[in-house]
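Protein chains in written order, with numbering that gives the first Met the number 0: chain A, 0 to 681; chain B, 0 to 275.
Since the hints were derived computationally from the structure, they do not count as laboratory data. Glycine included, C-beta positions come from ideal geometry on N, C-alpha and C. Be a bit skeptical, because a hint or two may be false.
Stated by the list, open to error - Straight-line distance between alpha carbons at most 20 Å, and here's what the computed SDA-like set of lysine to any residue pairs gives: (1) A:K669 / B:D135; (2) A:K398 / B:P72; (3) A:K671 / B:N140; (4) A:K474 / B:E59; (5) A:K276 / A:R227; (6) A:K671 / B:N228; (7) A:K398 / B:N77; (8) A:K481 / B:L141; (9) A:K671 / A:P603; (10) A:K398 / A:Q467; (11) A:K671 / B:N77; (12) A:K481 / B:T58; (13) A:K119 / A:N152; (14) A:K481 / B:I13; (15) A:K474 / B:G60; (16) A:K398 / B:G16; (17) A:K410 / A:D472.
As the list claims (entries may be wrong) - Now the stretches of chain B that chain A is said to cover, found in silico as 3 or more residues with beta-carbon under 8 Å: (18) 90 to 96; (19) 102 to 108; (20) 137 to 145; (21) 152 to 164.
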Amino acid sequence: MNRASPGIERIFSWSSIDSKSRVVILVSILLICSIPHSSGQETITGWNEAESWTDHDLNAAVIHGELVWVFGDSGIVRFSEDSGATWQNHTNLGDVDLISADSYENSMAVLSTDGIIYMKDGLESEWITIDSSQTGMKSIALAGEESLIIVGNEGAIWHYTEQTWWNRTTSFTENLHDVDFNGADDGLAVGNAGTILATDNGGTTWDYREAPDPESSIVSVSYFNPYRMFAVSDSGQIIYSTSPGGFEWQLREIESAGYNTTLGIDISSIDVVSSSKILFSGPNGYLGLSLDQGLNVERNILPSGVNTSFNDHAMFDYVSGTVVGDSGVILFTDRAGENEDIGFEIPDYNNFGEFVEYADDMLLSGFIATIKIVLFGIALGFIIGLILAMMKTAPTSLKNLLESYPTRQIKGLGIICLVSALWLIYSGLRRFPDLQLNGIEYIFTPVGDPRGFAMFGLGVAIFVISIQFVLADEKLSGPLFKIRPLNAIATVYTDFFRNTPLIVQFMFIHFGVRLGMRIQELMEGTFGDPGIDGIDYFFYGERAFLSAIFTLGLNSGAYQCETIRGAISAIPSGQMEAGRSIGLTYIGTMRLVIMPQAIRICIPPIGNEMVNLVLNSSLAMVIGYSELSRQGKLMIATTFQIFSAWGLVMISYFVVTWTLALLLRRLEEKTKIPGLGISGGG
Amino acid sequence: MEDVVLSIRDLHKIYPGGVHAVRGVDFDVHEGESVAIIGSSGSGKSTVLRCINRLIEPTEGVIELRGQQINTPNANVNEVRSRIGMVFQSFELFSHLKVLENVTLGLRHVRGMGKSEAEEVALDVLERVDMLERIDAYPGNLSGGQKQRVAIARALAMKPEVILFDEPTSALDPELIGSVLQTIRGLADEGMTMVIVTHEINFARDVADRIVYLDQGKVAEEGPSSIINQPKTERLQRFLSSMHEDKISEDIGNELVSTQTDHGYVPDGTGNRPRS
């Protein structure tokens, strides 16, 4: 038998495909590839460039009242009264580089490289100078109107409050790069070697927080609120904490970077604009925007010719603000820098290309979903069909099963059945009064708890059967013993499934029996939560999927059973006799002699059944399984392209069934045995 | 008796529907003996043979294989069958298996042999029936005579204690019969115990040690092969004459491998088949 079954490569290799089929396949591929795609949308930048009147590098930007201030090298200061569109000169603050700035309500402070701090403690007040006498400071933050914090190299933290400088340097002496406060009390400072320091008392004491990656050099931090703290490392890692106090920090797996933990690009600054919107900036003209807390980061398109390194942002609110960079570049936006798609607002789905562009993903997912249930359904249906066909053709009668037992035991079994039947009838009858019905005639009235009726009916049935057991004679000649129990079970099964509509079976099994839910719960109990993707999800993540394959399999099994049974009947009875005569058991003869021949005979009608199963799978839409037909409906819901949508769905079904038919035809040819059955042609 | 292989006592078979095909048949088959069962169509020959193999359950009676009753519900029917070979009128080769696989199937799945061991045995028996050249052919590509010889090899491979032949040549063309009969005769010469249901009167006379003539479900006459030439009962006489008994001549015995009397064909010495 093994010799006769060909290897899969013999059936499906390219070289074994004849030239006609090759042409068909190639033309199909060509047609698929030639489906036109629309040219797509044009995307323009959300940023505008403003004239800064300087070529110096601009290092810091800050909002102060109605004004935006930017500070740069050599004491350059510019301010804008119109959200960054136009800029005015301001007297230079000293002649050293201004590297960091911060504001708190009416106060604003700027840090220069020589440790001098320039401060405005009111909207209209003049600049005052505070000398910290520290060098190597990197960042400044205001913790209240009268309190400021500067951080810098070797873990230096200096706190200026009540006109006095306090050294708050901790035992962690890695270089600190940035400090940010939320309100007057809560602040964060970050630095090299994954250093994160947090304060909750306005900078008086600082506590160490463990970073998820101790190697990363954290260059910028943004303390948006106690539940949204974000920081970036210079290698593009996004670190976030959603626990008040920032006790736990995690690395973001960035979806848009293929679930990596790094953006793969250098980042110099982060700014949390709203609870979900984050701006990133970096060298070489990098501006990134995330609308979902860093899960997806999209690179902003810049105005043409801008390729500078960006250093800081200042946002008025979550839509408008500015970003500053080297060589005096200032960009401003009134839509948070979001790229703007121009072109059609409402796609013209009458254009087939645009329709396809919308529909192809849905079609593909429907296609895959259909193939999924079809393959499992075919396998399940074939196995069920095989088993049922064997059951239906099994000659074993009740007499055969029982004749080797003494009559006394059979009578004993009968008495046990009789007693349980009487008990069932009794308990069934006892439930009738619960229904508050009067009179035995009401047992035919299907109201109330159905279990009473079921028990009564079952009791009567077992009673009738057990009477025959009790009255059994030596030869077991009663009519009951002529019953073939396996055949009876299979007949009930096939009759049931072939005489009810498939669509009703779908709904009964999914919503009535809730088979999918039960299987899923069983699998979850055994293997745990399937998650939202991966192999577990594939097998038991979707209830409708489970229900669909079982409904299709159970239904198709009933039909395939009849087909296989027909093929078994077509095998001459002498084959069974020959198999038995060499001493094989009935099952052995079935397995080794009858089935290999019967299945070869029934490949064409089974193929028919399988094609039917593919087509029937479209009914799975009624239980909410998103296979091809359902996707077709959804496509129409959006696009109103009824002809195109159903057309594509139809072609997809055709592709599946036609391929299936081709494969089966090849299978039939390759498994053909000379002298077995009549077939046209070679 | 010690050497009784098969013993049949008072065998009755009533088919569902009431046809009383076998009405009390008794006979013994001894070790190394070939028994030919002859009789007209419907006389119950095949039914008796199938009862022995339990392909048909007898209604009444006792069948013993080496003194052990085999027609009880408790007898292991598969084990009994593996000890009794059977060759069918219509060959019943497994058409999806090659010749060699046909022979090894029982050895591997009933006797539990490994593949190489089974093939060794199979090649041995296939050599005995002179089918060694076609071991890779499918039955569909064999002639009738070749198929029947493979079927004999399949039965032989199981090393049965007795082989039952159910009209082994009646489905064959006249010119194909010879090789099959020769094979069976070879087995008889080797001392194989056989029960042969046949229409080949000459062959029966030539090969069988004993003839059992069945008529209407009963043993009408039983005796050594000489009863073909000197039937005691009128019924056998009538039967034999209906089988063109008058055309049987002494010399045909030597070349009976190419003879098919019951098809009305007698060789005319030219080797050509007469056109009719």
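Results of checking the hints against the structure:
no.	hint	in the structure
1	A:K669 / B:D135	17 Å, holds
2	A:K398 / B:P72	11 Å, holds
3	A:K671 / B:N140	13 Å, holds
4	A:K474 / B:E59	12 Å, holds
5	A:K276 / A:R227	11 Å, holds
6	A:K671 / B:N228	51 Å, violated
7	A:K398 / B:N77	19 Å, holds
8	A:K481 / B:L141	41 Å, violated
9	A:K671 / A:P603	12 Å, holds
10	A:K398 / A:Q467	12 Å, holds
11	A:K671 / B:N77	31 Å, violated
12	A:K481 / B:T58	16 Å, holds
13	A:K119 / A:N152	26 Å, violated
14	A:K481 / B:I13	17 Å, holds
15	A:K474 / B:G60	15 Å, holds
16	A:K398 / B:G16	19 Å, holds
17	A:K410 / A:D472	9 Å, holds
18	90 to 96	holds (count 6)
19	102 to 108	holds (count 3)
20	137 to 145	holds (count 4)
21	152 to 164	holds (count 3)
Checked against the numbered hints listed earlier, the structure breaks hints 6, 8, 11, 13; every other hint is satisfied.
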